[in-house]
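Undergrad: Going down the list, the sequences are from chains B and V.
To convert, count from 1 in the first sequence and add 12; that's the working numbering.
To convert, count from 1 in the second sequence and add 312; that's the working numbering.
A couple of the hints might just be wrong.
Unchecked claim - Straight-line C-alpha distance at most 20 Å; calculated EDC-like pairs for lysine to aspartate or glutamate:
hint: 1; chain 1: V; residue 1: Lys640; chain 2: B; residue 2: Asp26
hint: 2; chain 1: B; residue 1: Lys297; chain 2: V; residue 2: Asp682
hint: 3; chain 1: B; residue 1: Lys269; chain 2: B; residue 2: Glu302
hint: 4; chain 1: V; residue 1: Lys576; chain 2: B; residue 2: Asp148
hint: 5; chain 1: B; residue 1: Lys251; chain 2: B; residue 2: Glu398
hint: 6; chain 1: V; residue 1: Lys576; chain 2: B; residue 2: Asp188
hint: 7; chain 1: B; residue 1: Lys401; chain 2: V; residue 2: Asp597
hint: 8; chain 1: B; residue 1: Lys401; chain 2: V; residue 2: Glu644
hint: 9; chain 1: B; residue 1: Lys268; chain 2: B; residue 2: Asp26
hint: 10; chain 1: B; residue 1: Lys275; chain 2: B; residue 2: Asp292
hint: 11; chain 1: V; residue 1: Lys640; chain 2: B; residue 2: Glu237
hint: 12; chain 1: B; residue 1: Lys251; chain 2: B; residue 2: Asp188
hint: 13; chain 1: B; residue 1: Lys65; chain 2: B; residue 2: Asp148
hint: 14; chain 1: V; residue 1: Lys640; chain 2: B; residue 2: Glu345
hint: 15; chain 1: B; residue 1: Lys122; chain 2: B; residue 2: Asp304
hint: 16; chain 1: V; residue 1: Lys640; chain 2: B; residue 2: Asp304
hint: 17; chain 1: B; residue 1: Lys401; chain 2: B; residue 2: Glu328
Because the hints were derived from the structure by calculation, they are not lab data.
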Amino acid sequence: MNIELNSADRAFRDEVRAFLAGSLPPDIQRRVEHGLELRRDDYASWHRILYDKGWVAPSWPVAHGGTGWTPMQRYLFDEEAAAASAPRIMPFGVNMVGPVIFTFGDAAQKAHYLPRILSGEDWWCQGYSEPGAGSDLANLRTRAVRDGDVYVVNGQKTWTTSAQWADHIFCLVRTDPSAARPQQGISFLLIDMRSPGISVQPIITIDGSHEVNDVFFEDVRVPVENLVGEENRGWTYAKFLLSFERAGIADVGRSKKQVANLKRIAAAEQSNGRPLSEDDRFQEKIAALEIDLLALEFTELRALSRHSAGEEPGTEANILKIRGTEIQQRITELTLEAVGTYANPYVPEALRDGWNEEPIGPEYAAVAAPRYFNWRKASIYGGSNEIQKGIVAKLVLEL
Amino acid sequence: MDLTYSEDQTLLSESIARFIQDDYDFETRRRIAASEHGLDPATWAQFSDLGWLGIPFSEAEGGLGADPVAVMILMEQFGRGLVVEPYVPCVLLGGRLIAAAGNAVQRDHYLGDLIAGRVQLAFAHGEPGGRYALAHVATRAEACSGGFTLSGQKAVVHNAAAADFLVVSARSSGEPGACEGISLFVVPRSATGLSIRSYGTVDGLRAGEVALDGVELGEEALLGETGEAFPVIEAVTDAAVAAVCSEAVGIMDRMREMTLDYLKNRQQFGRPLGSFQVLQHRAVDMLIACEEARSLALMATLNLGGSAAERRRAVSAVKAHVGNAGRKLGQEAVQLHGGMGVTDELALGHYFKRLTMIDTFFGDAAHHLDRFARNP
Ligand SMILES: Cc1cc2nc3c(=O)[nH]c(=O)nc-3n(C[C@H](O)[C@H](O)[C@H](O)COP(=O)(O)OP(=O)(O)OC[C@H]3O[C@@H](n4cnc5c(N)ncnc54)[C@H](O)[C@@H]3O)c2cc1C
Ligand SMILES: Cc1cc2nc3c(=O)[nH]c(=O)nc-3n(C[C@H](O)[C@H](O)[C@H](O)COP(=O)(O)OP(=O)(O)OC[C@H]3O[C@@H](n4cnc5c(N)ncnc54)[C@H](O)[C@@H]3O)c2cc1C
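With the rest of the complex left out, here is chain B (with noise of 0.2 Å):
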């Protein structure tokens, strides 16, 4: 056992710094440094950058374009990233769709999505959650009906980040109603965003963004060859998404960032004629904090030693998804705390890059309270946490 990185990871680890440092754009490290909007085109950039790199798929077989890294490597290469203030690469094509088609597909359908999926010519959104399938996935209604060489798809999906933006849909839809168990009647489609009888309206969110939509289907006709692997297995896929949505949502790296952010603003925030820094009880929340990203950081290492001496990873990623948003929504709390009354305006203009009039108080206060607020998210989606804890009681309790 033992705590250093051994020389193979500090040079990786030093090669990918230098990378960072080399080839992010300052205008968008800037906008993720303040937390201002970002743009499709930061994202796109971004990924463009890193597929020329060869880096944009760490999660992929190398066969496929992924990178061979290590888990310890992956998981370097996240942190500085995060450190360096790099946007994320948007899941939903690399993460997600892009190891059920490598792993369920056919070789057209590999062929044809998989070079754009890396190269980020498309883009992609996740058809999952309905009105009345949240929680309750396995209970949607989306009904794909076959007719010939096409489904015939009627529905709506919600929540569906990024619709806006994306040029596919990956849907779980509804082929056989009368299936013994609603999991059993579920396929796994690939849907143009440009079909006929798709329309896409924006929910806004909170904080006053637009993230997320409502993806209507109205005789929406999708050639059959867009089924991955069998129809009514479509469960089987969706699960197996699952665990790779899930890791990495620790975001350990991420909230280290934060974290110095928070303790930035208490340096620069007073409190009775002294930095609010020094204010012994706002040090001790601050420590608590600390101590617990340190727990997440060193049960996501020691998740990854065993991963790395070949064993399969279990449970653990709910146990990283609960506390690693649990911290996310902490750092968010304080750092409101420690901006106190100026995260009262509400400037969205503030919000976005390239407003040139003076911020109404510190430049750190407008975001303070939106982010606060967009963070509410992170244990509702991706599996609530809820249902995270009532996966470990039921699979790593038994209870």
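Once you've looked at the hints, dock chain V with the ligands against the given chain B.
TA: Same frame as chain B, now just chain V with the ligands:
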């Protein structure tokens, strides 16, 4: 001891609840919040007609008797209705400061118009970098021939742009942080040298940054004695904090009800969410938080007339509790609504935002925990 409502108090509570139900639904609130001053003149006139603007003032001041319990009842209902009208900055801060610190001429001059709904007031006190220290006043008031000259910056002044007059704290002597040396002035919004940068707040209210650049005032602008305003400011803000905690109680209770409805109606896995025991217990915790908040709000309200030490301790107790328990309850209400909880469409998120920002009103939970500990 009797901690139940009298018949009059019950009637008052019901009449305000009826107003909210009939005239102040969520879409009305949304429309008013989006208006220039976050204030509907017809609604404000109605407040006046119903006598609500006179509740915190004695009969001698032209009011209805200055009953803190009536203020508590009003504010709880305003919380339930998520009322955006500037009752707190205008009436409970601006109006109460003039009533408590002003002389008979000043009271006559402003309070009649205030209670009749003809003038708007604001309290310009907090300053950049002051955090929640009530005596952090750096704005200067220099005596000059025939009056005073004010210079300084005031931060996040609610209702600033709509106010006809701002009650402004400024230092006549001493350094920021000292309780001695602070004076209060009534400054017309149109005064030369006063400028306001107005904006909406994340919880749907209106506020502004107030800059005072050599604002010249006559002797009659001074409220009370030069340099001796701090005890009045503390007493009036304590009463306003207690009132805002009652608003928080109304918000928390409404959020709790909405969540309970949701748990009863939303079906997943073929059964209502409320049938899952883990969610039942959380709903019970929300109920407990509401009951405790209501108890402390009442306790604080009934202590407003006590000694300064009793008042401080009582007010800080409820503010600290509402800060922490309110944060938790708000987060739970959102969480138990799933994705719906984070939408702008649902009223719930707007209650959540207001409840969150109440924590920054004259001291957050940490500030009041500390103040409580220092006032044994
Ligand atoms: C910002 C955001 C982005 C999203 N992006 C996407 C996306 O791109 N694609 C997509 O398909 N979906 C997406 N989702 C949807 C997300 O997966 C669902 O919101 C989530 O699964 C919860 O479902 P629900 O909102 O219907 O809540 P519900 O399932 O109605 O749950 C409400 C509450 O009840 C709890 N609960 C439910 N069942 C149980 C139980 N059995 N035991 C205990 N507690 C329970 C939940 O934990 C929650 O607290 C997104 C959601 C958000 C908020
Ligand atoms: C110091 C002491 C004094 C007592 N005095 C008396 C007395 O004077 N007279 C008397 O009659 N009894 C008395 N009791 C007994 C007491 O009422 C029982 O211990 C209690 O009802 C719990 O029952 P149990 O110990 O069998 O635990 P169990 O019922 O087996 O419970 C074990 C745990 O599971 C939890 N649990 C059980 N059912 C549920 C559920 N449906 N949902 C969620 N959680 C659940 C419990 O809360 C507990 O944490 C006393 C007990 C103690 C410890």
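Undergrad: Does each hint hold? Answer for all of them.
TA: Each hint tested on the structure:
no., hint, in the structure
1, V:Lys640 - B:Asp26, "violated, 42 Å"
2, B:Lys297 - V:Asp682, "holds, 14 Å"
3, B:Lys269 - B:Glu302, "holds, 11 Å"
4, V:Lys576 - B:Asp148, "holds, 16 Å"
5, B:Lys251 - B:Glu398, "holds, 17 Å"
6, V:Lys576 - B:Asp188, "violated, 30 Å"
7, B:Lys401 - V:Asp597, "holds, 19 Å"
8, B:Lys401 - V:Glu644, "holds, 16 Å"
9, B:Lys268 - B:Asp26, "holds, 19 Å"
10, B:Lys275 - B:Asp292, "holds, 13 Å"
11, V:Lys640 - B:Glu237, "violated, 49 Å"
12, B:Lys251 - B:Asp188, "holds, 18 Å"
13, B:Lys65 - B:Asp148, "violated, 40 Å"
14, V:Lys640 - B:Glu345, "holds, 11 Å"
15, B:Lys122 - B:Asp304, "violated, 41 Å"
16, V:Lys640 - B:Asp304, "holds, 19 Å"
17, B:Lys401 - B:Glu328, "holds, 11 Å"
The earlier numbered hints that this structure contradicts are 1, 6, 11, 13 and 15.
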